[in-house]
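Q: Using the sequences and the accompanying hints, generate a full structural model.
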Amino acid sequence: MEESSRSKKILLATLIVLVLLFSIFVSLKLDHNNRSTLFQNFVRDNPNAMEAFERLKEVTPENAVIFSWWDYGRAIEEFGHRKAVVAYASKEMMESVGESRNPIHAFEMQLFGKFETHERIKDVARAFLLPEGEALTIMRKYGANYVMVFCEEGGYGAFDDLYKLPWIAKIAGYNITDYLTIIGVGEARHYILGPKAEGATILRLIYDEQFHPRYFTKIFENEVAKIYKINYME
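Going by my numbering, the sequence shown runs without a break in its numbering and finishes at 236.
These are computed hints drawn from the structure, not numbers from a lab.
This structure is a prediction, so every number in the text was calculated from the model and none was measured.
One or more hints might be untrue.
What the hints assert, rightly or not - Calculated pairs, DSS-like style, for lysine-lysine (alpha carbon to alpha carbon, straight line, at most 30 Å): (1) Lys231 with Lys124; (2) Lys143 with Lys231; (3) Lys124 with Lys93; (4) Lys85 with Lys143; (5) Lys11 with Lys124; (6) Lys198 with Lys143; (7) Lys85 with Lys11; (8) Lys93 with Lys11; (9) Lys166 with Lys220; (10) Lys172 with Lys93; (11) Lys198 with Lys220; (12) Lys228 with Lys59; (13) Lys93 with Lys228; (14) Lys166 with Lys143; (15) Lys85 with Lys228; (16) Lys172 with Lys143; (17) Lys172 with Lys124; (18) Lys59 with Lys11; (19) Lys124 with Lys59; (20) Lys124 with Lys166; (21) Lys143 with Lys220; (22) Lys220 with Lys85.
A: So this is what it looks like as structure tokens:
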């Protein structure tokens, strides 16, 4: 009898532990799912951003492949209905993702997150900082035929590739001050172009009236984004 009672207690304790573990797992999964759609919520709350993604499907063919920084990939696919070259971060660059600074959120990302290969992310970063001709080689590698860059002034950087450029440069292995210096924070920030700015593809696309891109034709522009068609060299 004592042995039977002891077995029942062990079984009950095991079940309780399993239920608790399952509850924790479900809670972590739900929390991760909620946070993974935060950027899409930012898009919905920003009329100019929403316009840019919705116009994407109007100014590009259905089989278009869009070259952009990874932050925008899921919005490109969800709202623009176009394929993005990258839509997720890589595991190797997690320190650049804001939510990874919270240990619980970082753990959730490791458990449930989707990731691009670091080679793919690094290629996108390099292409943005390389001269146009060299950038085209990388863009062609991934079948891209359009580029989308973001340049919202003010705000807190959600739709501002210049604000993200320090991380892009770090991932690419380049010195950010060669291209850009950020002065101030938040809505008060402003940018000073560096000595290599004119040669960086992303800066030529954002400052197109100043630098005049050679291999890209602008097909859309609003206060948040610019969309270009890539004109590959034969």
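Q: Just to be careful, I want the Cα atoms of lysine 231 and lysine 124 compared with a cutoff of 30 Å; is the pair within it?
A: holds (22 Å)
Q: With the threshold set at 30 Å, check whether the alpha-carbon distance from lysine 228 to lysine 59 stays at or below it.
A: At roughly 14 Å apart (the allowed maximum being 30 Å), lysine 59 and lysine 228 satisfy the hint.
Q: Holds or violated: are the alpha carbons of lysine 124 and lysine 93 at most 30 Å from each other?
A: holds (12 Å)
Q: If you draw a straight line from the CA of lysine 198 to the CA of lysine 143, is it 30 Å or shorter?
A: holds (24 Å)
Q: Measure nothing beyond the straight line between the CA atoms of lysine 93 and lysine 11; if it is 30 Å or shorter, mark the hint as holding.
A: violated (42 Å)
Q: Taking 30 Å as the top limit, are the C-alpha atoms of lysine 166 and lysine 220 close enough?
A: Given that 30 Å is the threshold and the Cα spacing comes to 22 Å, the pair holds.
Q: Does lysine 93 lie within 30 Å of lysine 172 when you go C-alpha to C-alpha?
A: holds (15 Å)
Q: Sort out whether lysine 166 lies within 30 Å of lysine 124, counting only the CA atoms.
A: holds (14 Å)
Q: Has the given pair, lysine 85 with lysine 228, been kept, meaning a C-alpha gap of at most 30 Å?
A: With Cα atoms ~17 Å apart, lysine 85 and lysine 228 stay inside 30 Å; holds.
Q: For the pair we were handed, lysine 93 and lysine 228, check the Cα-Cα distance against 30 Å.
A: Distance of about 28 Å is within 30 Å: holds.
Q: If you draw a straight line from the CA of lysine 11 to the CA of lysine 124, is it 30 Å or shorter?
A: violated (54 Å)
Q: Verify the proposed pairing of lysine 220 with lysine 85, using a straight-line Cα cut of 30 Å.
A: holds (19 Å)
Going down the numbered hints, you'll see the structure goes against 5, 7, 8 and 18, while the others check out.
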